[in-house]
Amino acid sequence: MAEKIINGFSVVAYATQPEGRTPPRAFLETRRLGKKDGAEIEAGGQDDDSEPDNQAFEIFASRRFRSTVEAMSAARNALDRIEDVDADGVPDHLPE
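Going by the working numbering, the first residue of the sequence shown is number 1, and it counts up by one from there.
Some clues are possibly wrong.
What the hints assert, rightly or not - Restraint ranges, calculated between C-beta atoms of paired labels, are given here: (1) Glu3 to Ser67: 30 to 36 Å; (2) Arg81 to Leu33: 19 to 25 Å; (3) Arg63 to Gly8: 26 to 32 Å; (4) Ile5 to Ser62: 27 to 33 Å.
FYI, nobody ran anything at the bench for these hints, they're computed from the structure.
Note that beta-carbon positions come from the ideal geometry of N, C-alpha and C, so glycine has one too.
All chains should be modelled from the sequences, with the hints used to inform the complete structure.
The structure is reproduced here in structure tokens:
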């Protein structure tokens with residue numbers, strides 16, 4: 001996995017192994033950083049914001065990768081092009 005820290009989010013690129021007839025796939029995932037140990041959890045045990053801490057985005061979904069190495073290379077290249085992450089955890093220049 002390759003990682004980049006942008007605007008309080010960890011942006012990670014990774015690829016999955018082929019499963020049956022499903023080819024390898026490439027992903028970018030954003031994870032919110034800076035959660036304090038329970039400091040943002042209300043008395044009811046709920047987070048004070050309803051947004052998830054991490055989100056996965058399949059990239060190059062229309063492309064069929066021949067190998068996991070090829071998918072990981074594409075994911076790393078997409079990560080290199082990410083320059084900004086919005087407040088919802090969506091990276092800019094998100095490929096198809």
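Q: Look at the Cβ atoms of Ile5 and Ser62 and judge whether their distance stays inside 27 to 33 Å.
A: Holds: the Cβ-Cβ distance is about 29 Å, inside 27 to 33 Å.
Q | Cβ separation of Arg81 and Leu33, checked against the hinted range 19 to 25 Å | A | For Arg81 and Leu33 the Cβ distance comes to about 21 Å; the hint holds.
Q) Taking the CB of Arg63 and the CB of Gly8, does the distance hold inside 26 to 32 Å? A) holds, 30 Å
**Q.** Range hint 30 to 36 Å (beta carbons of Glu3 and Ser67) holds or violated
**A.** violated, 22 Å
Figure legend: structure checked against the earlier numbered hints; the only hint not met is number 1.
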